[in-house]
Every structure is written in structure tokens, then in C-alpha cells.
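If you want the building blocks of each chain, they are given just below.
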Amino acid sequence: MSEKNLTETRETRNELVATLASSRIVRLLRHLLIHGGPVIALLLLGLYLQSATPYFWTESNLVNVARRTSVLVIFAVGQTFVILTGGIDLSVGATAALAASVSAVTMTQQVNVFGIKFGPVGFVEGLVIALLVGTGAGLVNGLLITRGRIPDFIATLGTLEAFRGVALLTTNGLPVPSYYTDAPKARNYLPSEVIALGSNDWLGIPIAAWIGLAVALASWIILKYTAFGRSTFAVGGNREAARVSGIKIERTKIGVYVVSAITAALAGFVLMGRLNSANALMASQENLNSIASVVIGGTNLFGGEGGVFGSIIGALTIGVIGNGLNLLNVTDFYQRIIQGSIIVGVVIFDQWRRRRFGA
Amino acid sequence: MATGSPLLQMERIDKTFPGVHALDHVDFDLYPGEVHILLGENGAGKSTLMKILSGSLEADSGRILIEGAEVRHNNPDRAAKLGVGMVYQEFSLVPTLTVAENICLGDMPRNRAGLIRWGEVYRRAQDILATLGVDINVRAQTSSLSVAEQQLTEIARILAQEPRILLLDEPTSALSDTEVDRLFDIIRRLQERGVGIIYISHRLDEVPRIGTRVTVMRDGRVVGTLPVAEADKNTLISMMVGRRLAEQYPKTVSQPGPPVLRVENLTAEPVLHDLSFEVRAGEILGIFGLMGAGQTHLAHVLFGLEPMTSGQVYIDDEPVTIRHPTGAIRRRMGLLLRDRQASLVPVQGLGPNITLPKVSQRALLGLLNLRSETQIASQYIADLSIRPPQVRRPVKFLSGGNQQKVCLARWLATGARILIVDEPTRGIDVGAKAEVFGLLDRLASSQNVGIILISSEMPEILAMADRILVMRQGRFTAEYAYGEATQELLLKSAS
Ligand SMILES: Nc1ncnc2c1ncn2[C@@H]1O[C@H](COP(=O)(O)OP(=O)(O)OP(=O)(O)O)[C@@H](O)[C@H]1O
Ligand SMILES: [Mg+2]
Numbered sequence: 001m002s003e004k005n006l007t008e009t010r011e012t013r014n015e016l017v018a019t020l021a022s023s024r025i026v027r028l029l030r031h032l033l034i035h036g037g038p039v040i041a042l043l044l045l046g047l048y049l050q051s052a053t054p055y056f057w058t059e060s061n062l063v064n065v066a067r068r069t070s071v072l073v074i075f076a077v078g079q080t081f082v083i084l085t086g087g088i089d090l091s092v093g094a095t096a097a098l099a100a101s102v103s104a105v106t107m108t109q110q111v112n113v114f115g116i117k118f119g120p121v122g123f124v125e126g127l128v129i130a131l132l133v134g135t136g137a138g139l140v141n142g143l144l145i146t147r148g149r150i151p152d153f154i155a156t157l158g159t160l161e162a163f164r165g166v167a168l169l170t171t172n173g174l175p176v177p178s179y180y181t182d183a184p185k186a187r188n189y190l191p192s193e194v195i196a197l198g199s200n201d202w203l204g205i206p207i208a209a210w211i212g213l214a215v216a217l218a219s220w221i222i223l224k225y226t227a228f229g230r231s232t233f234a235v236g237g238n239r240e241a242a243r244v245s246g247i248k249i250e251r252t253k254i255g256v257y258v259v260s261a262i263t264a265a266l267a268g269f270v271l272m273g274r275l276n277s278a279n280a281l282m283a284s285q286e287n288l289n290s291i292a293s294v295v296i297g298g299t300n301l302f303g304g305e306g307g308v309f310g311s312i313i314g315a316l317t318i319g320v321i322g323n324g325l326n327l328l329n330v331t332d333f334y335q336r337i338i339q340g341s342i343i344v345g346v347v348i349f350d351q352w353r354r355r356r357f358g359a
Numbered sequence: 360m361a362t363g364s365p366l367l368q369m370e371r372i373d374k375t376f377p378g379v380h381a382l383d384h385v386d387f388d389l390y391p392g393e394v395h396i397l398l399g400e401n402g403a404g405k406s407t408l409m410k411i412l413s414g415s416l417e418a419d420s421g422r423i424l425i426e427g428a429e430v431r432h433n434n435p436d437r438a439a440k441l442g443v444g445m446v447y448q449e450f451s452l453v454p455t456l457t458v459a460e461n462i463c464l465g466d467m468p469r470n471r472a473g474l475i476r477w478g479e480v481y482r483r484a485q486d487i488l489a490t491l492g493v494d495i496n497v498r499a500q501t502s503s504l505s506v507a508e509q510q511l512t513e514i515a516r517i518l519a520q521e522p523r524i525l526l527l528d529e530p531t532s533a534l535s536d537t538e539v540d541r542l543f544d545i546i547r548r549l550q551e552r553g554v555g556i557i558y559i560s561h562r563l564d565e566v567p568r569i570g571t572r573v574t575v576m577r578d579g580r581v582v583g584t585l586p587v588a589e590a591d592k593n594t595l596i597s598m599m600v601g602r603r604l605a606e607q608y609p610k611t612v613s614q615p616g617p618p619v620l621r622v623e624n625l626t627a628e629p630v631l632h633d634l635s636f637e638v639r640a641g642e643i644l645g646i647f648g649l650m651g652a653g654q655t656h657l658a659h660v661l662f663g664l665e666p667m668t669s670g671q672v673y674i675d676d677e678p679v680t681i682r683h684p685t686g687a688i689r690r691r692m693g694l695l696l697r698d699r700q701a702s703l704v705p706v707q708g709l710g711p712n713i714t715l716p717k718v719s720q721r722a723l724l725g726l727l728n729l730r731s732e733t734q735i736a737s738q739y740i741a742d743l744s745i746r747p748p749q750v751r752r753p754v755k756f757l758s759g760g761n762q763q764k765v766c767l768a769r770w771l772a773t774g775a776r777i778l779i780v781d782e783p784t785r786g787i788d789v790g791a792k793a794e795v796f797g798l799l800d801r802l803a804s805s806q807n808v809g810i811i812l813i814s815s816e817m818p819e820i821l822a823m824a825d826r827i828l829v830m831r832q833g834r835f836t837a838e839y840a841y842g843e844a845t846q847e848l849l850l851k852s853a854s
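Just so you know, the sequences run in chain order U and F. Read left to right, the first sequence gives residues 1 to 359 (this note's numbering). Read left to right, the second sequence gives residues 360 to 854 (this note's numbering).
Among these hints, one or two may not hold up.
As the list claims (entries may be wrong) - No farther apart than 27 Å at their CA atoms in a straight line, the calculated lysine-lysine pairs in the DSS-like style are these:
1. U:Lys224 - F:Lys755
2. F:Lys592 - F:Lys610
3. U:Lys248 - F:Lys610
Stated by the list, open to error - Partial list, derived from the structure: chain F residues whose beta carbon lies under 10 Å from chain U:
4. Leu664
5. Ala687
6. Gln700
7. Pro705
8. Asn712
9. Gln720
For the record, the hints were derived by calculation from the structure and aren't laboratory data. Since this is a predicted model, take the numbers as computed values, not measurements. C-beta: ideal position from N, C-alpha, C; glycine also.
Using the sequences and the hints given, assemble the complete structure.
This is the structure:
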């Protein structure tokens, strides 16, 4: 009798604990503590900079940070897909440069592709061409990895070089548009819409930032609500389990590399607008910065866990660090050391927190 | 045998995971030379208690005394130095290393210059495996081994450390009878040397064979400790589940319908040779064989995980070619793998794990219905009494038996019409076993699912299968109707 009562009270207590643990507020707090590390780090960084320099927390500076960081956000969002499957895309910067270069050339010159002459084309065609080039680059990566059966790291290391080479060929190693071209029917400026994309504001916020936001939102929806998104997590979480559950590993892998390359192409296009020109060596920092953003954002480098929200925070962190160091007049040499240390520090903190609080 | 002073005392050990009170002030002790069996339902806290002892988890409170002296350790290394060795329920081998490297890991023989003496590594590994009486190539990569071989390698690895206190967490769940006999011989030898052994199992018939004392746990607490002489099966079961169990093998014998799966002359070199059989709607076809007879390979071939050299498979009398699990699932086939770790995505919750095969059938950009996913998960949590009942808990935090239930729920959710289950009761408790068999029986008799039950547990296959095929070296050697076979007959046909 007393034994039974005891069991019952224990059960009610256990249930109480379980309901509590699953109640919304507790869940949210727990979630913040477990997943909020990157946000906390970013806030601390912001608070510090606000006290250290009077310029940081001004509207014009924040808009400036947003403009500069948007491109990295777009890169990082695409990279997130790849890293979630346990892969890595080292070629995003090169893909961006290639897409921007090809599209810049077609927007400023008449080109001759297999005897078909066209151009100079307008903004919309230019954007479509950039995205198509991105798709192609992603397919190359994806096929090399799945059909060629080589590690992601090696495949994209190879294409990183190759894509830059193709971009150099396309542009003859010159910035585009350029005065030094002998192409027929050339014009030496990019369509004004391209420049607006990279430099103008809408509702007080840079258009580039709106694009970054839109890309992130679309990616979040894809990851959370589509079969492709679910497959991405499953392949990274346990490849074998994904396979026996009927998930097509190869298709998923190719898919994430295409997503990554398309976002890279878009980022390259926006960057071209900001720089008012394209060249084959642009976006050279973005490879590693996009990977760093994803990792700072808490996505597991071995795949299976994470998301785009963290990657945005990661990109912002990197952007804010760079901006803050500029405001504090730290020279470039020191900037690099500090930037590298902060990246590693954030990740160490994040790992420790996860172990400690058992995420 | 429990004489002298205790080798080990665990006092008021308490451990809470978020949302689960896994151990509630547990007391436990162990004498030299005894085999103390630890029983309890899935999720009772057995593995957690042992992991605290082996240093891979830290208790919230409580004391551990070894030979009367309090020890504080919080990592497996230090526990090993204190003479505690644990064979984990889920293996802890490094899959890319060779068997020998895994066995000697942590204590590689070195020469004076500090370099590894590879000859010695292989010899030592070979010796240990020889005492276990198993024949595994010590130079083979561990990931290429079968589950049973991995289990034996794991045991060998711990024995190599010569522990004073040996913890075995469900060591026999993947082993065949002869291997179990050999393991028991070794345990007896260790016992004579005064080693204390804690033994976790869901196989109650092992209790009188090997045990000295039995402790039963339920919901994180010790229900009681008995000498083996007083621990008959029914007493143990009612201690474990808190009630008497109605029927261990619920079986409805009914008239099976038309064949749902027919296989003609299936050959998959070099393992399977010329297999022909059929499974009817509503029938449970048992396939019995000793370890390595090819049963698991057959399941993999049917499901598109391994290629087939020749032969033809028909589903509903239609010839089909299945090259990938996606195709098998599309034709409403399901496969419960023998190896749980290859079936689940550990960091994801129950919902995504249960619906994964369904998701794989969707178009890439097909939208998921997360609400119905949660509903499905909650439904199976209730139907299969998965503990703790939390949809979002990553499955890596579930106890082994509850993980098995999640794997099963997956194929219930896809509405499979042909279900292949490979050792479905591996690592699940008596109560859950009865539930699983009840479920298989219901699937067959009232939902007309054709079930292939691959098992090396003779009592369960004899009780549950409408028909039994016996396999030896990739061929069928005998067929028995329900009630025809006996354990002797099965063994004779299988060896
Ligand atoms: N790392 C963890 N994090 C959170 N919860 C955990 C963790 N490990 C175990 N649990 C929970 O603690 C409880 C006890 O689990 P444990 O693995 O000890 O059970 P068990 O008795 O070994 O069961 P089984 O027979 O199924 O192996 C379960 O409810 C389980 O979900
Ligand atoms: Mg366990």
C-alpha cells in the first residue's frame, strides 16, 4: 500500500518535472542558454565597443557594418548547408569571383559564345547569368564529391584554384569594366541597378542587407520545412542512418553544394555592385570567413546540428570585430591576430558551454 | 560466495538529467569473485549507474568505495587505473582502426625509444582473442566486422586491461549461443581469480547460469537484491515491471493471404546461394541461423543495401528490382536493422527519426508537416511506451531499449506491408519484448503485413513464426511449420 503510494507520488513528481521542462518559457530559457552563446558573445562585443569608442553605436556606423557584412551573411548562409552535411566548401570565394566576372563581362561587352554573339546585356540577364554560373560551379563540386568519390575538402580545394583560373581567363586578368578593352561594342560602366544593389539603401537599410535577410529567411524555411532540409540534417547527423531510411545521399550532397554556390554567386554579384567592378581575385577573404561564421554560429563542423540563424550571428560577429578594430585604429597586422584569436576564443567558449550544460 | 569484505560499495548515488531523475539514491555493492546481475526495464538507470562507476558520467551526489577506500574519479582513464573496466552497451571502438589497435589502445607496447612495437601489438591482441576462443583477423579494420565480432573485440579490449571490477553492459545481446558459452567460461575463470563482475542483461535465463546475486532496478531506484537461488523468473519479472506479465509471446495463428514477397533463386556472391522463398500477407516467416549464416545479408539484399548477383524478386507477383532503400520503401518495405547505431540520427529528436523514411519519399522541396510529425511521434511514444515521453529529446539520450522502439516506430509510421526485422528484441526488456511481439502479431494478423523475423533466439522464433526457414552458409537447409520445430531440430539444421 505505502509502496504503491510512494510510486504514485514519484510518478506525479516526475510528470511535473517533465511538464515543467517542456513548458514554453523554460524551454525558451534553456534554448537561449544552450544555443544563445553566439548571441551573448556578440552582445558583449557590442557593449565593449560602445564603451570603447563613441562612433560604434552611431546610425551611420551601424549601417556601414550592415552593408559590409551583408555579403558575408549571404556566403555564410550557403556554407551552412554544406557544413550541416559534414562537408566544407572552400570554393565559395572563387565561385563568387567567377560568377561576378562572367556576368560583368557580359554586361559590359559583346561576347561570342560558340558563334552566338550577344551583349552587352542588361541587369536582369546579368543576374541570371551569374546565378547560372553559380549553379554550374555547384554541380561541378557536387559531382566531383559524389561521383568522383573524393573528400569534400580536396574537391573544393581543387575547384577553388580552377574557378579562379577560369575567372582570370574570362577577364584577361583585368578588372571589369575596364578602359583597356578592345572588345567590340564595349561600355565601361556596369548597369546602374547593379551598383544600386551594392550601395543604395531602402527604408534606411542597405539593399544588400535586405538581400541577406531574404536569403537567410528562405534558407531557414528550406532547412526547417522541406524534405531537402531534413535530408541535409540527416546526412550530416548519421550518413548510414540516412541511407537506410531511403534518403538519397548523393542528391542531397549535390543539392547543398549547388545551394552554396548559388548563394556565393549572388554574394559575388552584390559585392560587384558595392565595388563598382568585378575582378577574378575578389572575395578572397570570404572562403575562410564564411566557414568561420558558420562555426562561430554554433553549427557542428561534423554536421547534423546548427542552422542559418547562428551563421548570421557569426558573420555579424566577424563584421563587428573588423569594424571595431578599424574604429580603434588598430593596424591591419594586429587586426588579423586579434580577429583570429577572437574566432578561436568564441568557439572554445561555445564548446565548453555545450559540454557543461549538456546540449 | 559473497564472503569477506566488499570489493565495491556505491552509496546513495544520485543523478539527474534534464527532465529525468535517472538514479534516485541508489545503493549497490559487489564482493570479490561474485557475478552481481543488474536487471531492470529499459531506462531503469542500469547503464547510467555503471557509467558513473566507470567514470564516464559524474554522479550528482553519493560515494563510491573500492576496498573500503573512497575513490573520486571522473574519467574512464582514472577508473581503469583503479581497476574498473567497462564493456559498454553501445560500443566504444574506433571504427577506422584495426582490431589489434583497438584492443591495445591506451596501452600500446613500446620499445625503449618510445616507438610502438607492432609485432607485440598483434601478438597481444591475438592472444586475448584466443582466450575468448574467437577467430577474428586482428589486422582487419574494425568497421568491417559484424556486430557480434565488434562486441567480442570490445570485450577483449577490456579484458586486456585485467580489471579487478568488470562491468558488462548487455554483452550477450549480439552474441550467438556458442559465443555466450565461451564468454561465460571466461567469466567463471575471472571469478575464481577474485574479480568482481557486474553483469547487465535482459536475458533472464542467463541469471541462474552465471549469477551470484541479482539486483533489480526500476525508475532509477533499487527494488531489491536477492541471491540467485531465490530469484526465479516470475519473481524477477514482477520486480522489474511492477506487475505480472500476461503473455510473453502473444500469437494469433491465422490463415495467411496471398504472397506479398516472392524470391526466386536469389544469389549474392559470395554469401548467399540460390535462395527461393515467399512471404504471405499476414504471415510471420522466421529465418533462423547461427551467426554468419547470411540472414542479415539476405535482409540487406532485399532492402537494396547490398547488390544481388542473380535471381528475381516479386512483390505482389510483380517483378521488381530494388537497388536502393528508397525503392524498397516506395514499395512499402521496412527493415529493422540489427545495428541500432546505423539506424538513428543521434542528435535529432524522436519526430524526425520516426518520420525519416517518409521524408525520403518526398520531392526535394516538398513541404513537411511538422505538426503531424509531432502527433505521429507522440502517438508512438504512447503506443510503445517510449520513456521518457519527450518528443524533442535527441535519441542519443534514450536508453538502448527505447532507441530500439524508436526504430520500430519508424516502420509502423510508414505503413510497411513487408517488414523485415533483424533481431528485433536486441537489448529490450521483458515487458517491451512482449509489447514488440504483441505488435508484430497484430501487424500480421489484423493488418495483413508480411513479416520476416530474423532471430537467433530460439524460444522467440519458435513461438512467433508461422513458418521457420533455417539457414546455413547462405543456403536454406530446412523448413518447419508452426509447432513442428523444436530447439534441437533448429540447431541440427543450422549446424
Ligand atoms: N546523457 C544523457 N542525457 C540525458 N538523459 C539520459 C542520458 N543518459 C541516459 N539518460 C536517461 O536516463 C534514463 C536511464 O537510462 P539508462 O541508459 O541508464 O537506462 P538502462 O537501464 O541502461 O536501459 P536499457 O536497458 O534500455 O539500456 C533514461 O530515461 C535515459 O533516457
Ligand atoms: Mg542500458
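Quick check: which numbered hints come out false for this structure?
3
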